[in-house]
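**Student:** Order-wise, the sequence lines are chains A and G.
If you read the first sequence in the numbering used here, its first letter stands for residue 1, the second for the next number, and so on.
If you read the second sequence in the numbering used here, its first letter stands for residue 1, the second for the next number, and so on.
Because the hints were derived from the structure by calculation, they are not lab data.
Among the hints, a few may not be true.
As the list claims (entries may be wrong) - Here are the computed distance ranges between Cβ atoms for each label pair:
1. A/ASP45 - G/GLU100: 29 to 35 Å
2. A/VAL209 - G/ASP59: 32 to 38 Å
3. A/ASP78 - G/ASP59: 43 to 49 Å
4. G/GLN93 - A/VAL35: 43 to 49 Å
5. A/GLN213 - G/GLN40: 42 to 48 Å
We put the beta carbon where it would ideally sit given N, CA and C, even for glycine.
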Amino acid sequence: MTRESRGPWYLLTGVIIGFIVGLLYTWVFSPAEYVDTHPDALRADYKDAYRAAIAAAYSVTEDMTRAQARLSLLNEEDSASILAAQSQHYLAEGYSYEAALALARLSAALGEVPEPAPRTATSMPAPSETPLPEDTATVELNATEETELTTTETVESPNESTTPEVVEDGLPTSTSNISPTPTLTRTPILTFTPLPTRTPTPTLAPPFVMREQALVCDQEIEDSLIQILVQNALGDGIPGVKIIIHWDGQEEHFFTGLKPEMGWGYADYSMTPEISYTLNIGEGGEPVDLFVPECSDDQGERYWGGWRLIFAHP
Amino acid sequence: MSRWIGFVIAIIVGIGLGLFYGWVLNPVDYVDTTPDSLRQDYRADYVLMVAEAYQMERDPALAGGRLAFLGEGNPAEIVLKALEFANDVGYSQSDLARLELLLEGIQMIADSSQGETP
């Protein structure tokens with residue numbers, strides 16, 4: 001075979017060699033930079049710590065809008081249930097009770113607060129349309145994804161200035177061209193200002209009262225369960241409500257909402273026969289005394305049953 | 001000779017394609033990152049969370065433990081950097097006050113631990 005008859009294959013060989021060299025350089029010798037990352041890329045245990053910090057801050061400030069803004073940085077669906085589960089996990093693993101409580105309270109508060117309205121560029125008033133008094137919190141939200149989206153919420157804060165400042169720090173925001181540092185351009189920068197109408201007023205909720213106590217005789221349920229449903233006045237389940245159960249000088253705490261498949265306000269506890277239990281729901285609730293009930297089937301055989309209790313705000 | 005020139009040009013084109021693929025089309029995807037790589041504004045906001053909690057708890061050791069989340073650096077320096085950033089971007093006065101309070105607490109515990117060192 002002559003050189004001419006071999007054709008331009010040497011060109012293809014050169015391209016392939018060059019391509020491999022290029023890949024080696026970008027993936028091995030000089031990969032995309034690993035700096036200026038976003039909270040949603042954190043490892044799971046660091047996300048837990050991040051959430052715990054959000055909850056600890058919320059327990060002091062009770063600034064729900066700020067807490068929601070921070071939680072949104074983790075880019076997780078259903079933060080309320082994640083917080084509730086983390087709270088229970090903290091209790092089980094022996095973390096501080098205060099940390100678990102803060103998580104549960106934030107979870108419960110999230111369950112009661114309506115989701116913020118979708119933020120769209122067109123729905124936001126232009127900054128110039130809203131003159132700000134001195135004490136007004138102003139935070140800009142710049143979300144830079146495939147296409148640039150810049151939204152600004154400007155709201156008056158009647159009290160002290162509250163500014164969850166997570167703001168653009170001078171990084172180029174244009175993404176219309178392909179960036180050599182792609183990990184940076186996919187980072188949304190989320191900050192927004194509290195809307196007074198969405199800010200929950202920190203008022204004490206009335207104690208829960210028992211609406212219903214029903215005997216559960218079901219042989220398919222192996223344990224003698226106390227099944228608890230905690231609801232708001234509208235009948236919706238409330239997650240993150242602390243339940244305290246006492247027996248024989250011992251005490252255990254658990255929270256609603258850890259079995260979302262059973263409902264947000266659901267929790268259960270497995271009783272031991274011949275022990276008397278006292279149950280308290282939330283803060284200041286009336287105690288309920290319980291024991292394992294006996295049931296009998298059609299043939300008269302006895303077996304242990306359980307209870308189903310529904311608590312609600314009056 | 002012209003074949004060699006073509007070969008070199010082909011390699012250069014291949015390298016260009018490789019760089020484009022590796023940096024743009026399919027870059028290294030980072031997940032499970034550590035907090036020390038967080039961007040400065042997120043770091044500052046985290047420090048603010050610690051400061052908010054500290055405002056009530058007044059426990060510098062607990063706050064120091066929380067700040068360790070951001071890396072092994074000196075906690076006072078971490079707060080100081082956050083404070084500088086907060087000043088630069090115009091955090092509210094109340095948030096700046098919280099950060100300053102936290103800085104005082106962290107510096108106090110650092111001073112006392114230095115005093116205990118023989």
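**Student:** Are there hints from earlier that the structure breaks, and if so, what are their numbers?
**Tutor:** Violated: hints 3, 4, 5.
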